[in-house]
Every structure is written in C-alpha cells, then in structure tokens.
Amino acid sequence: MSLNYLESSKAKDLLVYLGCIFEKNYLKKEKTYWKCIRYNTDKSRGRTHTKNSEVTFHNDDHNHTPNAEEIGVKKCISQIKEMSNQSESTPQQIIAQMSCSSTAVSAAALPTINSMEKMIQRIRHRKNAPPANPAVLSELIIFESYNITLDYEQFLLYDSGVDDNNRILLFSTKNNLKILASEQSHWFIDGIV
1118 MSLNYLESSK AKDLLVYLGC IFEKNYLKKE KTYWKCIRYN TDKSRGRTHT
1168 KNSEVTFHND DHNHTPNAEE IGVKKCISQI KEMSNQSEST PQQIIAQMSC
1218 SSTAVSAAAL PTINSMEKMI QRIRHRKNAP PANPAVLSEL IIFESYNITL
1268 DYEQFLLYDS GVDDNNRILL FSTKNNLKIL ASEQSHWFID GIV
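The numbering used here puts the first residue of the sequence shown at 1118, with every later residue one more than the last.
Be aware that one or more of the hints could be misleading.
As the list claims (entries may be wrong) - Restraint ranges, calculated between C-beta atoms of paired labels, are given here:
# : residue 1 : residue 2 : range
1 : 1177      : 1244      : 37 to 45 Å
2 : 1207      : 1135      : 31 to 39 Å
3 : 1209      : 1176      : 24 to 32 Å
4 : 1213      : 1119      : 25 to 33 Å
5 : 1235      : 1124      : 17 to 25 Å
6 : 1287      : 1244      : 26 to 34 Å
7 : 1177      : 1262      : 48 to 56 Å
8 : 1248      : 1177      : 44 to 52 Å
Since the hints were made in silico from the structure, they are not lab data.
Built from N, CA and C at the ideal position, the CB exists for glycine as well.
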C-alpha cells in the first residue's frame, strides 16, 4: 500500500494511512515514528512506524473512527497552498478549481471562501515579502529582482560595494540617463548621510 503524505498548517509532515492521519513524532535509526493527530486532544493511541516509505509497525488503537472528510479537507487545503505558490491564478480561480476536484463531503467541510482567500493572500505575501531593513549600510543586500525593471532593463547602474564606508548606489535606466544628459541643465540629488 502506497503512503500518502500531507503538510499540516504548521508545515509539519503528516502521514495518511488506513483512513487516519498521523503526525511525525520523531526519527530514530532511519525509522520514522508517527502518532495519531488526535493524540493530544483525544488521547488517541494509534501509532505507525515507517522505514524507507514502508510501514514496519501499525497500532490501530484509535478512540475514533477513520475520517475521510478530514483527510479530504487537509488534501484540498494542501493543494490550495501549493497552487498559491506556483500559479498566478486569482484566489477565486484556485478555490473554484479545488472545489470542483474535491468530493462533496470534503467540499462541505472546507473553510469559508473568505478564509481560503485570506490564506492564499498570506501565502503570497510571505513569498513576495521584501527583505528586512538592514541596520547598517554594509548589511544591505540587493537581490537580482531589484536590479532590473519590469521591462528587464538594468536598474542598478552602480554599486561602490559592501566594503565601502561611504557606499554609493546609483539607480536609473540608461534611457533615463540619456534624458538627463540631453534635456536638463540642473540636477537635484538626494542622499542619506
């Protein structure tokens, strides 16, 4: 039987086996030990051990029945998160696509549309978040995506370097420099000291 893996809301590994969901408990000698996700809340004692993606031990001592609805919801949310990172579709398009592919039982148990839209927006915000402000100029790292314009023109024309105590950064396009050189007789420059 092939093992299915999911990711929890806290980005932890989950194992789906025989209709139950297990969270990773610990690793020891190439063996992964899993416990039922309801262990902390309901004291469910179901356990599974895996090695090389094969089950080596299974204790079916659950105090609840297998829940296909919960598995379907977690799979759907996991797919929504994955699509949020990989596609440029709108949140509504992603949700519609996932709602169509999920079963009626799990679709009814999904969070509200507003909640799923916010989840997609949070994921995309984290992915596209700008870097933190540096404490000193030598810590400033300019990523490649900030070196070019949306038209793929070079935007960072000069950087005196990280080792320079009086670091100078010149942002412009070659076209804008031509305009400044040809039409302007007065330049006003701003800087931070």
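- Item | In rising order, the numbers of the hints this structure does not comply with | Going through the list in order, the structure violates hint 3 alone and respects the others.
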